[in-house]
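Using the sequences provided together with the hints, build the complete structure.
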Amino acid sequence: TSPTATEAPTAAPVKTFRIAVIMPSAITDMAFSQSMWNALVAVQTEMGGETALELKYSEGMFKVPDAAAAIRDYASQGFDIVIAHGSQYGSSVQEIAPDFPDVTFAWGTDVNTFGMPNVYAYTAAAEEGGYVNGVLAAMLTKSKTIGVTGPVEVGDAKTYIDGFVQGVESVDATINVSKTWTGSFSDVALMTEAAKTHIAAGADILTGSSQSVVGSIGAAKENGSVLWFGTQQDQASLAPDLVVASQVYDWTGMIKEIIAKHLAGTLGGETYILQLKNGGLKIAFNPGYALPAEVKAAGEKAIEDITAGTIVVNP
Amino acid sequence: MNDVFQLSVIAGILTSAIRLATPYLYAAIGETFSQRSGVVNLGVDGIMLIGAYASFYIVLITGNIWLGLLAAIIAGLLMGLLMSLISVTLKAEQGISGIGLYMFGLGLSSLLFKTTIGTVKTVTGFQSVKIPLLGDIPVVGKIFFDHSLLVYGAFLLIPLAWWVLEKTTWGLQIKSVGQNPAAADSLGVNVDRMRYTSVCIGAILAGIAGASLSISLLNLFQENLTAGQGFIAVALVYFGNWKPQGILWGALLFSTVNAFQLWMQVLGVKIPSDIAIMLPYVLTIAALAVATNRVRQPAALNKPFERGES
Amino acid sequence: MLPVKEGKAVRSSHRLRWASPFFNALLPLAGMLLALLIGAVMLLILKVNPLTAYGEMVAGALGSVSGITQTLVKATPLLLVGLGICIAFRASVINIGGEGQIIVGAIAATWFALTFRTWPGWLLVPSTLLVGFASGALWGFIPGILKARLRVNEILTTVMMNAIALQLMNLLIRSVLMDPAGITSGTYLAQSERLPEQAWLTRLIPQTLLNTGTLIAVGLAVVVYIFLWRTTIGYRIRAVGLNPDAARFSGINVPFNQALSLTLAGGFAGIAGAIEVMGVQHRLLEGITSGYGFSGIVAALFGGLHPIGTIPAAILFGGLLVGGDKMQRAVQVPNSLIDAILGLVVLFVVGSSLWSQRWAARRQMDAIKHQEEQA
Amino acid sequence: MASGASTKEKQQIKRVEMCNIIKYFPGVLANDRVCFDINQGEVHALLGENGAGKSTLMRQLYGLYRPDEGEILINSKPYTFNSPADAIEAGIGMIHQHFMLIPTFTVAENVALGLKSSREPVLDLDKVSARIRKLSQLYGLNVDPSAYLWQLSVGEQQRVEIIKALYRGASLIILDEPTAVLTPQEVNDLFVTLKRMVKDGHTLIFISHKLHEVMEISSRVTVLRDGRIIGTCPTAEITRNELVKMMVGREVHPLSPQPLKSGPVRLEIRNLQVMGDRGTEALRGVDFEIHSGEIVGLAGVSGNGQRELAECLAGVRKTTQGEILLDNEDITSLPLKRRVDIGLAYIPEERMRDGAIRDFSVQENVFLHDHSSTKYTHGIFLDFSRMRAFANELVNKFNVKTPSLDTPIKNLSGGNIQKLIMARELSRQPKVLIAAQPTRGVDIGATEYIHQRLLQQREEGTAILLISEDLDEIRVLSDRIAVLYEGRIMGVVERNEATVEQIGLMMAGISMAETMQRTS
Ligand SMILES: Nc1ncnc2c1ncn2[C@@H]1O[C@H](COP(=O)(O)OP(=O)(O)OP(=O)(O)O)[C@@H](O)[C@H]1O
Ligand SMILES: Nc1ncnc2c1ncn2[C@@H]1O[C@H](COP(=O)(O)OP(=O)(O)OP(=O)(O)O)[C@@H](O)[C@H]1O
Ligand SMILES: [Mg+2]
Ligand SMILES: [Mg+2]
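Read top to bottom, the protein sequences are chains Z, V, S and G. At position 225 of the first sequence the residue is numbered 225 (the numbering used here), and the sequence of numbers has no breaks. At position 291 of the second sequence the residue is numbered 291 (the numbering used here), and the sequence of numbers has no breaks. At position 164 of the third sequence the residue is numbered 164 (the numbering used here), and the sequence of numbers has no breaks. At position 344 of the fourth sequence the residue is numbered 344 (the numbering used here), and the sequence of numbers has no breaks.
Do not rely on the hints blindly, as some may be mistaken.
Each computed DSSO-like pair below joins lysine-lysine, with the alpha-carbon atoms no more than 30 Å apart [unchecked claim]:
(1) Z/144 with V/270
(2) Z/15 with Z/256
(3) V/121 with Z/221
(4) V/167 with G/116
(5) Z/56 with V/121
(6) G/127 with V/243
(7) Z/282 with V/121
(8) S/369 with G/401
(9) G/127 with G/116
(10) Z/296 with Z/277
(11) S/369 with G/245
(12) Z/142 with V/121
(13) Z/56 with S/47
(14) G/195 with G/14
(15) Z/179 with V/121
(16) S/47 with V/121
(17) V/121 with Z/296
(18) Z/256 with Z/282
(19) V/142 with Z/179
(20) G/199 with G/134
In case anyone wonders, no lab produced these hints; they're calculated from the structure. These numbers were taken from a predicted model, which means no experiment stands behind them.
The structure is reproduced here in structure tokens:
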């Protein structure tokens, strides 16, 4: 691997590739930020460790101007790729990218590259996995009541749940999916109580998104027989008996492709969408949960249909 | 809408409310001790976080919930000593010391979590203990007598705190340094020591409040787990007129409305969720606005004491 | 005849009194150093060289045009919130509602600028700022009037109003204020449409975020100083804060002035929100307050509750925040370490004020001892 | 310390010596090599002007301050007090100039504070109450142990203070200006108690600005000036005038007001009814009038409605019924500000609480009322140069001793603060002046000055209502004396007609007609 198009006189023959990522929450959030960080670490291992790929991160950057400062700072330090992992960073990327034509910027989740040659945009079609989870859930529920716990009705929290409801309805439109929003990405206590409320109201299956759903999983676990469907990360480790499946954001493919393109001289201008089709989204069935074969088959059928395009999930 | 008035729903709301109230009760009763002695501690949320982390970590590595509780107590105590050092010995402005303490607790708890645990995990914490006989009463038993020990503890704390403040020499001394430290001092009451003790009791209870989240109600730890509950707890002290029983009503009101709005969402009552979430805050303000007979705050609240200053 | 006593001491009884400017400057620095020292120990535990880390911190905040401008950009909302805190504290009112007031100011400014996007800049900018002020003021007025009329404690109400404002923003940002582009593209981002360019505050240095908002804030600091010490209203507010009884006996309307000061405090936080939207983000986003509502209190108290003193205090605090981020990037420590160190800085800096008072008293005593010995 | 601590268990203080005490405060040498001693069974009076260093000296004996130099010997043994707890342990008690009580506590709680209970950790207030009752009986200190402190009159509060000291078994009790806030009757009662205590073997240090009290109660007297001892001698061997000269450094002459030049009625009050703070009726229909150039003294035991009357006239308290006329204009419903504009001035009783702002400078305090008058403002802006000129003029005219106009007023002595407040109120040439306790706690020199000013104002035609618990002051200054009892005027007498007994009887609630009979 050697640099090609852009002239880099000082570049040594074995140059360490450098990626920096800016994330709104912690790299350990078991959700959005962690999904990206895990992918980067996986790519690093694959490429041969720190000498091949240097990684730097800034986490907890919920303040956009701070994130902008970080993006600019990393870019000026000569990082090859700067990932702005949060849709709120879009305008910062738009502003900074023109100043660093040699640096690749990737940002998401969104689809807009602003027409710039060194900006990639990426997003996840969370509704697809939501649909699959919905199908599975609909087939597993006995009480015909499913609870959804979410933070605020925006972004992929919303698209995931919209997809999930579609999936449920495709199986049985009489199932009652009730939703609660806590108004906060971090209020775990309220999220837990929301989950307990669903359970008390008869829900035997729960799902939801954001870093605070760990509380909902805890509630399911405490109850002992309520099932959980995850998203963003594989959440099986939090409740090995009760997590049926998780939609996993797998950014590794995308990252590898962006690296390759960067090395080949294409610094941006494209949009990546994680989908079931391109392997960016995966449904991780939890091996610890004994999923009835016909349910699993229905789930796999849904995956196939979405991949083939015979089912279209509306975001 | 009719669903809301079903017995099971009402029972559900009350059960939730009792759980939700637990951390507020610990923290607000603790803050009451602190404020009764004349020290406003705005750092409650930070102490709760440290307590939550410490107890969670200890339970995670030892599996012993009692050691976990002890860790929360020790962590709270250390934070209390820090707060007292700054605001009592060094007589710093209390509001700002508290904000500093909050930032410190928030930062340190996350840092420790990152370096020692790394990712969200769960533990087996305090389990529900059904009280014999009482717990078997239909509906009522489920609402009141089937909770974890830390939940019972929070409610037992109310009469205990009342007793300490109203019936013991020690409570008398705490109140005296909050009302007129010069007078207390002139009778040989050690003002600084009383304030240290009260702030530390407050901090220990805040630590337990954190533990009630991380090893009883949620059984997990995450960065900023409390999400600002400590500030609400401070507000509840004002709501409760610095009295344990007042705080009980405040905490129950706040958490009942919160439970109520969750149930409304679950039952699909058509109200935007954001409006529903605002409800507890709005109603708490409204309740205080219409309540009569407001008590004056401890006269020396927020005033550092130095001998010879009248 | 009553003896005249020269040079009576500054007493420490007033909790917010700070001693001479010299010690004012020196001791907080010592407090800060102590905090950084403890931070250094933590860094060592994390196997990071503290010198490198702190070097990056200083360089990040002050070492470049971009660092300095970032510091100033951060100092701006801190200063504005701090100015409001100065007014409120002078009236003995505690305003913990900065967060909510910033949010409301930001929401209103966004709504206004988007609604009247066709107005020319010379009209749109000042009126948007004014709308930000007015809405923040409204958010301060509610606790103010509750305190004045019904004696409801303002700590309770301002804390609760923060939560309400946050939910209000959540509600609006994904309904009427949501960026239509996010809806059409299906991303449903929690942010508003970008403000029209004529509503932007002019950037002072190209390629940086520094904008005229900073100048506005500094200008307002002077205005607040004049307001508090040179006008009748300011005189009344200070009188009410220092002794409500005497103020009442002088015909001053105590509740009115308390409500007024909370309203003004809210207004300044509201402007801070408007400036964040108009000068920095150019749109309404989640997390717009960045905790400025709390750190503004710290800035004001570091500044001795003096509007002019709050200017350097805000810059210092802004610099710490910016430098902290830079340090995080450079040595890759968790962000939370920075929070912890900042908390210690706050604790030790307030803690140090006692010594400055003691020293001032000591010097006066020594002076008089000296006099007596000579006599 | 056991709750049962009594005089017997503690050491008997036979002799206390304070030797070469030096105490600095920032900017002040408060005690300059003071030597002071006291023997068992004596009442030692401590005299001196405001700021002479009396309280400071005593606070060192009570462990509140530590002397910078010098020694304290009790029964010839050196003692170091680090806190009041140590002094209490050594058998010393102190009644502070500003009471050290907790208003939200009951009497029993105030007394029990800081003591071990017999049922630790539980309070045993019944036992405490029982002992309070016993002490009350023994020394004639009548109080209800279960009453809250805020419910008590000043006199009762003081009794609580004394009980606190006795309860702790103090054998030496320091009384710092105990009579400043008492009525003559209460002073008499107090003296009865004090004498009983001395007979019981207690030793007393007594501070007062009122010489006749000192002459009456003390056996020895020490005078302090500017932190130094001027002299000590047995009370019997010194005259009043000599004492004044020692304190002030010059003679002070008694006042001789000119006869009344009666003018038209300026202030008229009809059937005034007012509620007190605790929701009780404070005034139950008060009528009187004051003429131009007249001083009406309002006598009465504190708590009989004086404060409420003053506040109601000033416009800071609501009237439930009745009318107030100023120059025949009805001002009953006017707010304070308007009344001030019309020509009403008020010197409040609690000068540091209601009359001045401690942390404001002298100059700022001058303009508490007038800061928005067009004379000193341009629009909303204050005109500092004019304010300064005027403040300067006032300070000079009224002889206020202050380092500068920018000094915080809290650093002035009590007398000077009072002079400044007077100056502020009189500078407006008021038509009506309400002066509540204008010389309470003020030393002789300043009292003389304030009295002169009041008389001068009377000459200028102001109608003055003088509210005072100092009967001497009332009798010297007033043209007519009204006596208030339980919210009603018991009677109004001309200066020359009034005898002390008569007034005293009326203060006790006996109507004028009846008093006439009794005294004639
Ligand atoms: N805590 C203090 N800090 C600084 N100076 C003080 C303090 N207390 C007293 N002083 C100063 O010490 C001097 C003596 O004051 P002190 O209170 O002893 O006077 P005093 O004789 O009791 O007067 P008064 O008759 O007014 O009660 C005064 O000049 C006063 O300004
Ligand atoms: N901490 C202090 N610093 C400076 N001066 C003080 C301090 N405390 C008291 N003083 C001054 O000490 C003197 C007497 O103090 P004290 O508290 O006894 O006054 P006071 O009782 O309010 O006045 P007065 O007895 O004249 O009514 C006054 O000059 C007062 O201003
Ligand atoms: Mg004194
Ligand atoms: Mg005095």
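The hints, checked one at a time:
1. Z/144 with V/270: Between residue 144 of chain Z and residue 270 of chain V the Cα gap is close to 21 Å, so the pair holds against 30 Å.
2. Z/15 with Z/256: Cα-Cα ~17 Å, so holds.
3. V/121 with Z/221: holds, 12 Å
4. V/167 with G/116: holds, 13 Å
5. Z/56 with V/121: Roughly 25 Å between the alpha carbons, so the hint for residue 56 of chain Z and residue 121 of chain V holds.
6. G/127 with V/243: Within the cut-off at roughly 26 Å; holds.
7. Z/282 with V/121: With Cα atoms ~23 Å apart, residue 282 of chain Z and residue 121 of chain V stay inside 30 Å; holds.
8. S/369 with G/401: Judged against 30 Å, a Cα distance of about 23 Å means the pair holds.
9. G/127 with G/116: holds, 12 Å
10. Z/296 with Z/277: This hinted pair holds, its Cα atoms lying about 18 Å apart.
11. S/369 with G/245: holds, 29 Å
12. Z/142 with V/121: holds, 29 Å
13. Z/56 with S/47: Satisfied, since the Cα-Cα distance of roughly 16 Å is no more than 30 Å.
14. G/195 with G/14: holds, 18 Å
15. Z/179 with V/121: holds, 25 Å
16. S/47 with V/121: Roughly 25 Å separates the two Cα atoms, so the pair holds.
17. V/121 with Z/296: holds, 28 Å
18. Z/256 with Z/282: At roughly 17 Å apart (the allowed maximum being 30 Å), residue 282 of chain Z and residue 256 of chain Z satisfy the hint.
19. V/142 with Z/179: holds, 25 Å
20. G/199 with G/134: Status holds; Cα separation ~17 Å.
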